Structures are given as structure tokens and as C-alpha cells.
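Student: Throw the hints in and build the complete structure from the sequences for me.
Number of protein chains: 2
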Amino acid sequence: MKGNLVIGQAGGPTMVINESLVGVIKEAEKHEQFQGIYGSKHGILGILNEDFVNLRQESEKNLETVAKTPSSTLGTCRHKPDEADCLKVFEVFEKYNVKYFFYIGGNDSAETCHIINEIAKKHQYELRIFHIPKTIDNDLLENDFCPGYPSAARYVASSFMGNDLDNQALPGVKIDVVMGRHAGWLTAASALARTNTTDGPHLIYLPERPIKVKSFVKDIDDVYAKYGRCLVAVSEGVAGASGKPLGEAIAKTKDSHGNVQLSGSGALGDLLAGYVEKHSRHQGMRVRTDTLGYAQRSFPGIRSEVDAKVARMVGKEAVRYALKGDIDGSITISRISADKKPVFETDLVRLKKVAKDTQDMPAKFIAKNGHDVTSAFLKYLEPLVGELPAKGILAQKKVKKLS
Amino acid sequence: MKGNLVIGQAGGPTMVINESLVGVIKEAEKHEQFQGIYGSKHGILGILNEDFVNLRQESEKNLETVAKTPSSTLGTCRHKPDEADCLKVFEVFEKYNVKYFFYIGGNDSAETCHIINEIAKKHQYELRIFHIPKTIDNDLLENDFCPGYPSAARYVASSFMGNDLDNQALPGVKIDVVMGRHAGWLTAASALARTNTTDGPHLIYLPERPIKVKSFVKDIDDVYAKYGRCLVAVSEGVAGASGKPLGEAIAKTKDSHGNVQLSGSGALGDLLAGYVEKHSRHQGMRVRTDTLGYAQRSFPGIRSEVDAKVARMVGKEAVRYALKGDIDGSITISRISADKKPVFETDLVRLKKVAKDTQDMPAKFIAKNGHDVTSAFLKYLEPLVGELPAKGILAQKKVKKLS
Numbered sequence: 343m344k345g346n347l348v349i350g351q352a353g354g355p356t357m358v359i360n361e362s363l364v365g366v367i368k369e370a371e372k373h374e375q376f377q378g379i380y381g382s383k384h385g386i387l388g389i390l391n392e393d394f395v396n397l398r399q400e401s402e403k404n405l406e407t408v409a410k411t412p413s414s415t416l417g418t419c420r421h422k423p424d425e426a427d428c429l430k431v432f433e434v435f436e437k438y439n440v441k442y443f444f445y446i447g448g449n450d451s452a453e454t455c456h457i458i459n460e461i462a463k464k465h466q467y468e469l470r471i472f473h474i475p476k477t478i479d480n481d482l483l484e485n486d487f488c489p490g491y492p493s494a495a496r497y498v499a500s501s502f503m504g505n506d507l508d509n510q511a512l513p514g515v516k517i518d519v520v521m522g523r524h525a526g527w528l529t530a531a532s533a534l535a536r537t538n539t540t541d542g543p544h545l546i547y548l549p550e551r552p553i554k555v556k557s558f559v560k561d562i563d564d565v566y567a568k569y570g571r572c573l574v575a576v577s578e579g580v581a582g583a584s585g586k587p588l589g590e591a592i593a594k595t596k597d598s599h600g601n602v603q604l605s606g607s608g609a610l611g612d613l614l615a616g617y618v619e620k621h622s623r624h625q626g627m628r629v630r631t632d633t634l635g636y637a638q639r640s641f642p643g644i645r646s647e648v649d650a651k652v653a654r655m656v657g658k659e660a661v662r663y664a665l666k667g668d669i670d671g672s673i674t675i676s677r678i679s680a681d682k683k684p685v686f687e688t689d690l691v692r693l694k695k696v697a698k699d700t701q702d703m704p705a706k707f708i709a710k711n712g713h714d715v716t717s718a719f720l721k722y723l724e725p726l727v728g729e730l731p732a733k734g735i736l737a738q739k740k741v742k743k744l745s
Numbered sequence: 343m344k345g346n347l348v349i350g351q352a353g354g355p356t357m358v359i360n361e362s363l364v365g366v367i368k369e370a371e372k373h374e375q376f377q378g379i380y381g382s383k384h385g386i387l388g389i390l391n392e393d394f395v396n397l398r399q400e401s402e403k404n405l406e407t408v409a410k411t412p413s414s415t416l417g418t419c420r421h422k423p424d425e426a427d428c429l430k431v432f433e434v435f436e437k438y439n440v441k442y443f444f445y446i447g448g449n450d451s452a453e454t455c456h457i458i459n460e461i462a463k464k465h466q467y468e469l470r471i472f473h474i475p476k477t478i479d480n481d482l483l484e485n486d487f488c489p490g491y492p493s494a495a496r497y498v499a500s501s502f503m504g505n506d507l508d509n510q511a512l513p514g515v516k517i518d519v520v521m522g523r524h525a526g527w528l529t530a531a532s533a534l535a536r537t538n539t540t541d542g543p544h545l546i547y548l549p550e551r552p553i554k555v556k557s558f559v560k561d562i563d564d565v566y567a568k569y570g571r572c573l574v575a576v577s578e579g580v581a582g583a584s585g586k587p588l589g590e591a592i593a594k595t596k597d598s599h600g601n602v603q604l605s606g607s608g609a610l611g612d613l614l615a616g617y618v619e620k621h622s623r624h625q626g627m628r629v630r631t632d633t634l635g636y637a638q639r640s641f642p643g644i645r646s647e648v649d650a651k652v653a654r655m656v657g658k659e660a661v662r663y664a665l666k667g668d669i670d671g672s673i674t675i676s677r678i679s680a681d682k683k684p685v686f687e688t689d690l691v692r693l694k695k696v697a698k699d700t701q702d703m704p705a706k707f708i709a710k711n712g713h714d715v716t717s718a719f720l721k722y723l724e725p726l727v728g729e730l731p732a733k734g735i736l737a738q739k740k741v742k743k744l745s
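Order-wise, the sequence lines are chains Y and L.
Residues in the first sequence are numbered consecutively from 343, following the working numbering.
Residues in the second sequence are numbered consecutively from 343, following the working numbering.
The set of hints was computed from the structure by calculation and includes no laboratory data.
Remember, it's a predicted structure, so these values are computed and weren't measured experimentally.
There may be inaccurate statements among the hints.
Since the list gives no way to pick one copy over another, a pair counts as held whenever it fits inside one copy or between any two copies.
Lysine to aspartate or glutamate pairs mimicking EDC-like chemistry, simulated, CA-CA at most 16 angstroms apart [said to hold, decoys possible]:
hint	residue 1	residue 2
1	LYS742	ASP393
2	LYS740	GLU392
3	LYS683	GLU590
4	LYS556	GLU619
5	LYS743	GLU392
6	LYS743	GLU436
7	LYS694	GLU484
8	LYS586	GLU468
9	LYS651	ASP699
10	LYS743	GLU433
11	LYS742	GLU392
12	LYS464	GLU724
13	LYS739	ASP393
14	LYS372	ASP486
15	LYS743	ASP393
Tutor: Shown next, in the form of C-alpha cells:
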């Protein structure tokens, strides 16, 4: 089936989402089924506004530079289309002879694909829709990991390594808040910063395990008593004893998928630091907090090479699936060798399967005490992130005290 | 004069402060005047506590790994010694036969050196004291730049590049708060993130130019009206119309040099975002804030090679000055060629000259409008920071709208 192709990027940007875009473009250019290769500006909004760019006119060299550049070069959106939007999408697709639609995003984007696809079927419009996985949250079902996550994990682990070295130099309590609304995958990546047994993060709090403020402070106090310092990783989505995210109480805005704004504010970190200062048994200790911020998904120059390679691959593979006939779906990733240099392959599943739920960290990856990860998790994560910068520590042989 | 050598690290850590430490150790090892080479744990506190480590027992290989590792490997402190502390220092120095003291730090550390030196003179104790410059704030007098600053600037510029790409993808107002208590050098480095005329940061607020909240909001509104988005760089030390830092009103704690805690909290960013949300003429626009945090001085893997080289050099040079006879002082850095590959040389000035004041950004580096930098500043900074990662942007030729 010949026709034009539209590709869009949705949801939060990542460091490698442009790899998937370039994967789609370069693979599509090889096959004459694909006539126009159009980029939709700001995801689904670009279709509704008929705001397309011609991706055939990009030079090979520029595409490769774009692939290495963080964030969503076509622009993105968090718009959830309703039935009227979807009808408008078909109108536009028919007008522009669009027969292939690729959408790079998380589960909200898979849901968008699913909705459009259902309405396409209802209207017997021949359209092939592919969802290409991406999310730093790493919470898509059916996937070994989600492109974008390993690079964000690399940033988080590096940041914690630096923060731990800083905290060793100027001891105190340091609380770092990490992105991840529902699942603790990204916060858990902070564990990679450790190379010695006394290294932080000493405590890791995930949305999967609600916390009690009292035991949160006690955990910190206990570590502080032992090491004279404590580095804490807390997910922005961490829940209080009621099961409700602590950040929600102090957050203000929601997007159209109903998600409360947790990122882009230092409020949760400051709230937790305040708790600790007030209730700690070590009164007067130094307490600081950082909220790692958007750098987690957009910092240039920090990325995982495995992530980049797989992000490119899922873009290419989506195009290859599109050549195989009347199928739609979401591209998924499996790990077929579990050693240090993992090998991945893709599969195609029904859109609904990825759109429906999200995947929390399984119990086998969370320590029994509820505030750490397991070695099984590290074994899962290390090959995705790659080696971190070497950490040099002096041997520090004590000079004998003179009397 | 033969004797033992003590070296300490003070003030805020940097990405290259260990280069200076290793420079001192490796140079000192070459000269037999220096007998014991002792590291003082947590700056001056290590002397008071007689907590020394033997730096002659570190392997060459480990020293080179430590040099590349961010943060102060000996530990640091913000303790300002009083007269009693200084007397105790001499007691310890005499006991341990310490004749050479090297202290890596900012102007507070130069002041510490100066105080100890004055008391040494008073007691006719033969001691050679050298202050080795370091501060991400870049605010030491007598120096072309301060080691630590170019690497922090590289982190800040990279972070803003990523944040700008993120803000292009998901447009709105983004306010990023940057370290720098008194001087705007580090905040100003955000300007390096721009490669195209529409790139952010669109507004840069420095402590050198107090702001009025009303015009701050108007500046943002004007940029937003033009580009549909606005990326803002704000120094943590930015002052209100009264001339008093905005952050001070909401800060809680002070160190022993009388510095109010500005870092390690997201409060200033949240305060400014709140102002904008409340007073903007574009009601309902997306407003987010990040406080860049301790990663600015400790993120591993991001550093300026010029910075690393000069940081090593000032450590070595300090030891060479110590060989020249009865002199004390602060090592200073001059730039003797102003091209893309700058050449630097050192000089030695009296401790008092560096201890006394700090150096704000000069007027020639600040744009007349008060919320940007000049091209002269970029010419100053670019060779220090080195090339940033390439930024790829699609040509984005519009597809003609069909009627």
C-alpha cells in the first residue's frame, strides 16, 4: 500500500527519542511504499493543525546530529484526543493521503494510538498505526526496558555519584528527589552510584512502598549515627502512609491525562527536608535537598549507548513491521542475552496491551526493608546504563597521632 | 628549609579541586625539602583534630584517578578559625614539624590563610603558607578565572542547552536557578547554551543587577509573546529592588563565615514561579522551575579540560613558589593569550589581596538591559569552557497546507 507517512513525538522528551525518529526516517526512505515522510509538530496537535514538516529534505549528516541531540526535535504534547479530535485526524489523514502513522511515546501515547486506531476501524479507513516505546519512567508493559530510561538512569546515577562525593566532603543529610510519577525505576537507578559499602545513596524511597514520615526520619537518623552523613534518594511519586503521593498535596496543576504536576518544583524536597530538620534526633545537622529536574531527560552529552542503539532499532523495526501487511501495534523490546553486552530483539503487540496499565518495579527488585533495591535489580540495570566514570578515592593512611 | 607539608581543601567542592591536590603532591614528591606530605581531613579542622593522612603512600595510578574525580577527596569545611584556633594550629604544626601549608579554596580560605600567617609572624614561627585558588563562583580578585568555574560553567551551559531543547518541545516558562551567592559568573555561563537567535536562555538575571518583580514578570511576558515560551536563568543571589537577595528572606541557616544558605533548596525558584503565575498577563501558561543544585560542582564526567589543566598547574606552581625562600601568598592566574586555545601563567600575590573582597562581573560583561550578557563575556568564557556537544535541529521545511 503506497501512501504518505506521518511521525510524531509525544509525552516527555528523552535523550534518545530523536534516535527513534531518525530510525523511522532512514528506514522509510529505503522503501517506495512510503511517499511523503512528514513530521507532525507537537505530536497529535500537528495533525489537528495540519502542521507538517517534510522529513525527506533533511540531510543525512543533519539527521545523525539530530539523533544525538536530546529532547523531541519535532516538539511534543500531552494532549489526549477525544472522539472529535480523532475524526479530525482522519479527515486530515485522508486529505494528505496518510496511510502510515508512527507515534513515539509512553503509555499515554499508546492509548492515543489505540483510540485513533479503533475509530479508524469503525470508519473502515485503511491506516497502519505503530506505537514506538519511549519513557524515562520505564513503566511500559511488555518491554524489558523503555528507550530513554537507561540514559536518564545514567544521568541520575552520575548525579548521585557526584552528590555522594560532595556529601562525603561536606557531611550532612542530603535528600535528592528523582522523577518518576508511579514507578520507582529512575529513583532506583541511584543505586548504581555506589562502589564502596559506605557510599550513598544510603536510603532509596520508591512509589511502590509508601512511607511513614516517622520511620523516614528514623531511617535517616540511623544512617547519620553510623556514617555522620546520609544521602537519600526519593521518588517524586513517593506515597505517604495513606497511599497517596506526598507531592500531590502540595502540587497545583494537572495535564489532560489527569496527571498532577510533580516535576518542575522543589516543593517536595523542601517539605521532606523540613520534616527531617524538625523531627531528627540529631538537631542542628546540615540538611540539604536537590530536585534533579528536567536535566534527567534532556542533559546533552550524557547518554547510554545501549539506549541509543535500541532507540534507533525500534524506529527502524516499526517501519519494517509496517511493510508486512495489515497490522498495527506497539513495538516491544526483549532482552535475549543477559550478560554485560545484552542483545535485544523486538516484537509487536496489540496497542491495547501497552496502553492499558503501567509496570511498577516488581517485588524481586525492591529490598525487603522497603528502602533499597536488590542485587537482581542491579544485574538488570547495569548492562543498560554502561560503565560510569571511574571514582578515585585516596587510600588515606592515617598519620600516627603524636602525644 | 626541610620540614613536613600539610595540604587541605576548603569551602565548596569543585570538579577539579583534586587536580590541584594531586598537583601539589606530585610536585612536592620531587623535592627533598618536603619530608612528610600530609593531607588534612576537612580543611583546617583536620589540623585542629590532628587528623592527617599520609599522601606519600598513594599510588601514582590512584592519584591520577582521584584527580579526575569531582569533590574534595580530603573532605572540606567552612570553619573560620579564631585566634584560639590559630594558636592551636601552631601548636600542632610545631609538634608535627610542619613548615609548609597549602590551602585550596576561595576567598574565605584565603582569609583563613591570612589569619594564620599573621599569627605565625607574631609568634616568629617559620611557616610558608600558600593559598591555591578554587571556586565555582569565579569571584576571586587578581585572577583571570578561578579553577572549578569553567567546569561548573560547562555543566550549567549544558544543562541550559538541554532545558532549552526541552522547552522548545514542551513550550512554557522555565525558570532555572543557578549557584552564585554574590556574583553572576556562573549564571551568566548559561548564555553559552545558545547557538541560534531564538534559543534560550532568553533572560539572564545576575546578583549584580537587582530586579523589580514587576519588570521581571513583564520581561518574561514579552519573550513569551514573541516565542510562545521563555527560558530564564536566575542567580540564587539575585537581589530585589531593595538590593537584598530575594533568597535571603526565605532562607534559614548561616555558616560560620556569615553566609546565608541559598543552595540546597528549591524555595527561590518556586517563589519566582509563583510570582510569574500570579502576575503574568498570559494566564494559564505552563510555568516550571528547576534549581540546578550540587550537580553544578560535583557532576562526574563533565569538566572543562582547560580548567583541569590549570587546576593541576596552580597546585604544582604553589610548590615551586614554596621552594623560593621566605614567601607566602596566593597563587593567581593570568591569561597571556586570548585566542581559542588560551595560555595561562601564574603569579604570587599577598594573601590579603585575595582574602579581602570578591570580584563581581564587570559592567562590560553585563548587557545594558540588565538581563543578559555581552559578546565580550562570551569571548572571555568560551575558551575556558571548550566546545559543548553539537546541537542538531531539523531544517523543518513546511509541508504545504492543502485546502
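Student: Next step is simple, just say for each hint if it's right about the structure.
Tutor: Taking the hints in turn, this is what the structure says about them:
When the C-alpha separation of LYS742 and ASP393 is checked against a cutoff of 16 angstroms, the pair qualifies only between copies, where the shortest distance is 9 angstroms, while the shortest distance within a copy is 73 angstroms. Taking CA atoms no more than 16 angstroms apart as the test, LYS740 paired with GLU392 passes between copies only; the shortest distance there is 10 angstroms, against 70 angstroms inside one copy. Taking the shortest alpha-carbon separations for LYS683 and GLU590, neither the intra-copy value of 40 angstroms nor the inter-copy value of 50 angstroms comes in at or below 16 angstroms. Taking the shortest alpha-carbon separations for LYS556 and GLU619, only the intra-copy value of 12 angstroms comes in at or below 16 angstroms, while the best inter-copy value is 34 angstroms.
For the identical chains of this complex, LYS743 and GLU392 are inter-copy neighbours only, at 7 angstroms across copies versus 77 angstroms inside a copy, given an alpha-carbon limit of 16 angstroms. In this assembly of identical chains, the alpha carbons of LYS743 and GLU436 lie at most 16 angstroms apart only when taken from different copies (13 angstroms versus 84 angstroms within one copy). Taking the closest pair of Cα atoms, LYS694 and GLU484 come within 16 angstroms of each other only inside a single copy of the chain (11 angstroms); across copies the shortest separation is 65 angstroms, beyond that limit. Taking identical chains as interchangeable, the C-alpha atoms of LYS586 and GLU468 are never at most 16 angstroms apart, the minima being 43 angstroms within one chain and 65 angstroms between chains.
Proximity of LYS651 and ASP699 under a CA criterion of 16 angstroms is satisfied in neither setting, with 26 angstroms inside one chain copy and 51 angstroms between copies. Taking the shortest Cα distances, LYS743 and GLU433 sit within 16 angstroms of each other only across copies (13 angstroms), while inside one copy they are farther apart (83 angstroms). Within a single copy, LYS742 and GLU392 get their C-alpha atoms only as close as 76 angstroms, which misses the 16 angstroms cut-off; across copies the closest is 9 angstroms, which meets it. Taking the closest pair of Cα atoms, LYS464 and GLU724 never come within 16 angstroms of each other, the shortest separation being 45 angstroms inside a single copy and 58 angstroms across copies.
Taking the shortest Cα distances, LYS739 and ASP393 sit within 16 angstroms of each other only across copies (11 angstroms), while inside one copy they are farther apart (66 angstroms). In this homomeric assembly, LYS372 and ASP486 never come within 16 angstroms of each other (Cα to Cα): the closest approach is 29 angstroms inside a single copy and 54 angstroms across copies. When the C-alpha separation of LYS743 and ASP393 is checked against a cutoff of 16 angstroms, the pair qualifies only between copies, where the shortest distance is 8 angstroms, while the shortest distance within a copy is 74 angstroms.
Hint check: violations occur at hints 3, 8, 9, 12 and 14; the rest are consistent with the structure.
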